[in-house]
Amino acid sequence: MLIDFNSEKPIYLQLAEAIEDNILKGIFQEETQIISTTEISVKYKINSATAGKGVNVLVDEGILYKKRGVGMFVSTGARERILKKRRKDFLQDFILPLMDEAFKLGISKEEIIGMIEGRKEI
Amino acid sequence: MKTIEVKELTKYYKTNKALDCLNFTIEPGKIYGLLGRNGAGKTTLLNLMTGRIFPTEGEIRIDGENVHENDKVLGSIFYMTEKNLYPVEERVKNIFKWSRRFYPKFDMEYARDLADKFGLDTNKKVKNLSTGYTSIFKAVTALASNADIMLFDEPVLGLDANHRDMLYKELLANYAQNPRTIIISTHLIEEVARVLEEVIIIKEGKLIVKSPVEELLACSYTATGEASKIDKYIEGRKYTGIEQTGNLKSVIVLEDIKERNTGLAKELGIDFSKTELQKLFISLTN
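Chains G and W are the protein sequences, given in the same order.
Numbering-wise, the first sequence is residues 1 to 122 according to the working numbering.
Numbering-wise, the second sequence is residues 1 to 286 according to the working numbering.
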């Protein structure tokens, strides 16, 4: 699991996203155990309260669940849930920043579409 | 669990005011960072918490009891000092044994295990340890003490990057297994920032910040852009830490991240970024 911690977001959200990324990539499979809050805390040198907060975000969203005395598991349907959520955020997180950058560089909407389709060079 | 209450605490050294009416509570089971510039009063505060010196006014209570000449309370605090207070002619392993008498919960096996991991030769006399190994020896003793409250004054002094990394990890592992109150006083803010849950900043003997790290960082952001545009943006806003290189200016805006005006920033070509704890500390204590 890779977390860069340089993003503007709070650490616990970055941790939650990193776990989600691993679920999307299939590194953490549904109904399998993931690393514990303690392991996360030690490995990434973050306070265990922060690590717990990040994990709890995913528990609240039904992406992870706790098995008492055993550990943290990926829920069935977690991947689907994350996909749905991330797709919803795609415009805000990727398209709008892309358009801002394009505006700064004077690239038109048509040129962007051209780049996506791989036909036009600017 | 131990709550530490600092009440109207003032300390004078002759006519020199080291601490000026501090009032705050340390909640049990959290890792606190005690930050301040040289001479801000950090060590004075730690010395007062452990009853090594007496307050001029006010008091410190741990679970309601005054720390002043209170062996029961002091036995639950381990203080890793910057200064070396151990008998220098003694061997490390003997000090481990000796620590068990003062700290009944001292874990000898854990101490040996940590010494092994860090490559600390327990047969050496304290006086023959290098600066780095002196810090390691003191930190190992602190961790193994199993005290309810652990105070660390510059715990990574003289440690190389690998050993610092190891020490933070051991500290976090110890804490995760057995949550206790930990106060770390350090100048290496950036590398300890994510280890801390709360931060206490003192300046010239006064408390200026006591806040969870995350909340503190969410209360400010950095704005960077063309100087005149930045001036326009910060009009009517609270800010600090102006830095300018040529025509490029950056400021730390002291306002909730949620309050920032992204529309105006876009119009002015201003970029926002997260403020690092160390940068915020520098601007708050300058």
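There's no promise every hint is true.
[Unchecked claim] Listed next, the in silico DSS-like pairs over lysine-lysine satisfying Cα-Cα at most 25 Å (straight line):
#1 G:Lys-45 with W:Lys-279
#2 W:Lys-229 with G:Lys-53
#3 W:Lys-210 with G:Lys-9
[To be verified] Output of the computed footprint for chain W on chain G, the stretches with three or more beta carbons under 8 Å from beta carbons of chain W:
#4 33-45
#5 48-54
[What the hints assert, rightly or not] Per label pair, the in silico range of CB-to-CB distance:
#6 G:Met-1 with W:Gly-39: 33 to 43 Å
#7 W:Leu-264 with G:Ile-107: 21 to 31 Å
#8 G:Glu-8 with W:Thr-3: 29 to 39 Å
#9 G:Gln-92 with W:Phe-54: 49 to 59 Å
#10 G:Lys-67 with W:Glu-276: 35 to 45 Å
#11 W:Ile-242 with G:Phe-103: 24 to 34 Å
#12 W:Arg-101 with G:Glu-8: 43 to 53 Å
#13 G:Gly-69 with W:Asn-162: 30 to 40 Å
Don't read these hints as lab results, they were simulated from the structure.
Glycine residues also receive a C-beta, built at the ideal position from the N, C-alpha and C atoms.
Evaluation of the provided hints:
1. Between G:Lys-45 and W:Lys-279 the alpha-carbon distance is near 20 Å, which keeps this suggested pair within the 25 Å criterion.
2. Taking the CA atoms of W:Lys-229 and G:Lys-53, the gap is near 38 Å; set against the 25 Å cutoff, the hint is violated.
3. The straight-line distance between the Cα atoms of W:Lys-210 and G:Lys-9 is roughly 21 Å, inside the 25 Å bound, and the hint therefore holds.
4. Judged by the Cβ-Cβ criterion of 8 Å, the segment 33-45 of chain G is covered by chain W as claimed, because 7 of its residues qualify and three suffice.
5. Taking a C-beta to C-beta cut-off of 8 Å, the segment 48-54 of chain G contributes 3 residues in contact with chain W, enough for the three needed, and the coverage statement holds.
6. Take G:Met-1 and W:Gly-39: their Cβ atoms lie about 42 Å apart, and the range 33 to 43 Å holds.
7. For W:Leu-264 and G:Ile-107, the Cβ-Cβ distance of about 23 Å falls inside the hinted range of 21 to 31 Å, so the restraint holds.
8. Look at G:Glu-8 against W:Thr-3: about 34 Å separates their beta carbons, and that is inside 29 to 39 Å.
9. Between G:Gln-92 and W:Phe-54 the CB atoms are about 58 Å apart, so this pair conforms to the stated range of 49 to 59 Å.
10. Here the CB-CB span from G:Lys-67 to W:Glu-276 is close to 37 Å, well matched to the stated 35 to 45 Å.
11. With their beta carbons about 28 Å apart, W:Ile-242 and G:Phe-103 fall inside the hinted range of 24 to 34 Å.
12. With their beta carbons about 51 Å apart, W:Arg-101 and G:Glu-8 fall inside the hinted range of 43 to 53 Å.
13. Checked against the hint of 30 to 40 Å, the C-beta distance between G:Gly-69 and W:Asn-162 comes to roughly 35 Å, which is consistent with it.
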